[in-house]
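Trainee: With the hints as a guide, bring the two chains together.
Read off the chains here:
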Amino acid sequence: MMMPNVANAQKVVCKIKGSDTCLPLSQKFAEVYGKKFPGSGISVVGGGSGVGLAALLSNTTDIAQSSRKMKMDEKMKMKEAGKSVKETIIAYDALAVIVNPSNNVSKLTREQLESIFTGKTTNWKQVGGPDLKIIVYSRETSSGTYEFFKEHVMNKKNFVSSALLMAATGAVVQSVSQTKGAIGYVGLAYIEKDVKALTVSYDKGKTYVTPNVENAKSKKYPITRPLYYYVSGASAAKVNPLLQFILSAEGQKIVLAEGYVPLS
Amino acid sequence: MKLRKIIEKFTEGILFTSSTVTTVAVLFIVYFLFKSGIGLFQVSPVEEGYSLGLSMSNPVKSLSSKQVKDIFNGDVTNWKTVGGKDLDIQLLTMDELGAAYTEEQLGADFENIPACINDYVSKNENVIVFFDNHYFPKKFVGHTLDILKVSVSEFLTGKEWYPTAVPAAQFGVLPLILGTLWVTFLAILFAIPIGLVTAIYMAEIASDRIRQMMKPVIELLAGIPSVVYGFFGLVVLVPAIQQLFNLPVGETALAGSIILGIMALPTIITVSEDAIRSTPVAMKEASLALGATHWQSLKYVVLPYARSGIMAAIILGIGRAIGETMAVLMVTGNAAVMPKSILEPVRTIPATIAAELGEAPFGGTHFKALFALGIILFIITFIFNTLVEMIKKKDK
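As given, the protein sequences belong to chains A and B, one line each in that order. Here the first sequence stands for residues 708 to 971, where the numbers follow the numbering used here. Here the second sequence stands for residues -10 to 385, where the numbers follow the numbering used here.
Simulated from the structure, these hints should not be mistaken for lab results. Using N, Cα and C, we set each Cβ at its ideal position, and we do this for glycine too. Among these hints, one or two may not hold up.
Using C-beta positions, here's what the derived DEER-type ranges look like [unchecked claim]:
(1) A/G748 - B/F21: 52 to 62 Å
(2) B/F21 - A/Y915: 28 to 38 Å
(3) B/L16 - A/T906: 35 to 45 Å
Taking beta-carbon pairs under 7 Å as the criterion, some of the chain A residues facing chain B (in silico) [said to hold, decoys possible]:
(4) V758
(5) E781
(6) L872
Heads up, simulated PhoX-like pairs for lysine-lysine below, C-alpha to C-alpha not over 20 Å straight-line [what the hints assert, rightly or not]:
(7) B/K55 - B/K148
(8) A/K814 - A/K832
(9) B/K288 - A/K827
(10) A/K790 - A/K945
(11) A/K814 - A/K887
(12) A/K840 - B/K329
(13) A/K945 - A/K742
(14) B/K55 - A/K863
(15) B/K288 - B/K273
Chain B extracted, bound-state conformation (with noise of 0.2 Å):
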């Protein structure tokens, strides 16, 4: 007797702990993810270690890092576009520096760049120096220039995504968002009518032997790893709508949307096949009894019973494929442009995430940025899951 109460309360205890580790470790993971993600709105966009300087007598006090960009991309080219005098814009880097003096000049372990500079920015006025802090003057004759951190609405509404743009990398996010949930909307357009008219056949229509034939098979679509997919995408439906549409190039929306569709499948199919078949039978019997035909009780008991479920299941095939990255990476060709149209190329939030989060370094801007995606990929699918327990509420 004692025996069994030691077990009961042994079993007990393991129950308690890994539940506990579980739900620890699921918060410990989001509190690093907006630890890591909320850090990039106390940096500037400008690499850490250089600096930005203007001479005195530039009116020009603080520029954006897109103002910024465009003035070393040389789409900017006059100091009036930014705000201030009516002159040409003029670089100076290392390699405009080695230009104007000779290597005497710089010094033999270039100990004379930050004279250089200093000497140079009070004889041009229409400069902007950008060197790194080792040799940015310690008494800079002109005025270092503050760029703005990196703000949350910049963050959400810029559209370009530049991330390791030299002096000032660009984090516009708003095609990356639009981009997802472009993809995951033409994807559910796809899976819902394939996966709900799957899901009635099996549940109410096939006969047991047909039903034991597709359920195995539909089960091992969720079990294919996602770079198959991905790899089948590159290569067979890439070129094919490229064809079809004769198009300049098939890595597009439209076939990410496809696979993504395809993925999503399964879980749509199974959670409201089961859904579906979890209709009382005393409800259908009476309504058969009525004197409603087989499809009459389909549509006006039995899927009206299963509506819930069948939301719940689109919910969570919608956040399998909002997820989904290795696929999308392959064949939607990953350009951060605002989506136009369905034949055109997206990148999405995860596959940004997974291309670029090896190369970034480590701590820095860059990498606090993917995190911040994260945080947002976080929220879109934390709403989804939200809409699911509510619908589940609403059900009981």
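Bound conformation, chain A alone (with noise of 0.2 Å):
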């Protein structure tokens, strides 16, 4: 008799909504837990950080996946509309800097990728490369990933204008792999043999890391993001043994396998 009502306990009907950066991992949760505890229900949309958090304060989403950190205004808007808010980091994501397998340039300084991205840099000679323009590729100017880029590889500087603004992250990849004086940034799970991964020095040229799941799990590896859940207050207690297994081992393993960073 005992049995069922455990499982009920663990039974978790939700949608998640938001970033599509976490949209394959939220999904591979909701696929698993779904298996792991059958009569589970979990929806998992993408849209954008900014669609989810909108979602969660309309009361259209349980749960709000997002890669970047909840604004001021839209904390206020949760204020004035009474509802509290919970922030859980479900996983790190580590952003490489990627260039095309055919430059020979193979590491830079957080500096000088101030410097390139910014637009003062702007022939590969001036970093020791070949005597060639640089192509700046970025992620859109809505997108977490292009926020948290500027505020910790920029110094919170602005892109040069000039910056090819891609849509997804697949499509950085593809351009940097066909166009020579290309430099982009994606997630580690996107790195592939048709591109090239940088290392990169914060410490001003002393040391260079290699971005790979051990660096960003050591903390060696400086550009690495936090991925968030927000829960609002109501659903709370709806969605905790998700969440709880998430934050699990098992769940952990999971964000592993699916090429983003664990919490320890």
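Mentor: Structure, rendered in structure tokens:
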């Protein structure tokens, strides 16, 4: 008699909406959790971090997945609406700086990256590469990835206005792989053989760190960002088993398998 | 008899309701667009919930959002540039405050931050403070800075589009408007000659068998989803253009306009072909009876007769191209720079809206700016539609 009750308590029916960066991960969580506790129904929708947080405000989702921290005015809107929101970090994502494989540059310092992405350095020979114009690829202005890169690599300065803004991470990889002078940034999970990931130095060139899961996990690799789940107060009890699962060793194993960086 | 009348009345009622509902729905969408978009001009470009402040002795009283952006971007480093004293500008945000004071001084729950800000500002005349209102001192020892609201002229003539820049977003849509018109213009340049030639061939020259084969193929063009065009462009056209012109990047205005040109073709071809075919047989026969050849009748009778229909076709084609989103988003590179050549990346209005709306905070300044872009696009297409109506009227 006890067993079905336990299973029932673990059953979660909820909606997750928001960031496209978190999308593959959340889908995997939903799939594995659904198999483990039959009767669960977790629907996962993308659309962007802003969309997810707006949906949280309008009560059309239980969890907002976000690749950026909630903005001040979003927090204020929540407060005005009399809602409490709980923030949970579910995983980390490391961003790798990528160039075309034909480029002989293989390491850059943060200062050089800032100078390239703000448009002050315009030719690869200025950073020890071939005499080739630098083509800056970025994600769209409103993507959480864009914000993060700007804040943590470019010292909050703005991207050069001639940067090519791509709607999807896949498009950045595609373009960098077919453009000789290109430089871009993508999540670890997107690195493939058609592009070359650079080692990055945050101590003015003393040590260069390779972007990979181990270095991100040990915090050696500096360009690492948290991925968030925002849960509204009203749904907190309902989705708690799912959050527990995600934070458990089993859930974090999924994080690793999907190419993201686990919490510990 | 009576029953028939009732049925007729009933049908009339249904027709009336459905057309009224459609009209109301359209008007509602337009109202919503304008209401959200115009809201942009009532807000400050500084993110809600944040304040900017200067020291009391700083003579600068207000800054435009562009100046604020330049200061925080490190492009403007002296107060003299923005009308103040000859002093280096010093930023004060959480990072600098954390470096200047120990954690003890800031307080366990950061409750002393306001006091620290006041302390710092009273000691440093050249400082500009940017903090969220939660920490910004209630009794600030300096003066808070007025940021001018986004003005319509600034919006339309600004050359920088940084909708998420902190502390002050930049909403200059000129590069986007010009980018849209530039790509559309080039697309039409490709599409008009090809479209007209095809239409004339199909209407006047082609045998029935060839026409019956070509017509469905051209109509098929209209049925292909735009994302498929975009994908084709990204994988085939973009690398081809890059190699052909030996460019650093293949994502260019040219790639976008070729794709758009192909997408506008079905509209141009079908509408102008119909116009050409609607020339009365009697007129053509009269021309031939006067001794004109087939080509002469085509040039002097058929085409002048179909002129207004052809114009309408072209304008409808422009309308199709100007609002196209997905294909352009994928192949033009989306760099918000003023278009200078056809071999450089551009950013169009529809692509901007599609790419940014998903992540913009709901109801925020950026969100409103995207609706304002929607208004601009609406006005442009409205003008083109009015032109079509005018041409049709003139024809009657």
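Trainee: Provide an ascending list of the numbers of those earlier hints which the structure does not satisfy.
Mentor: 1, 2, 3 and 9
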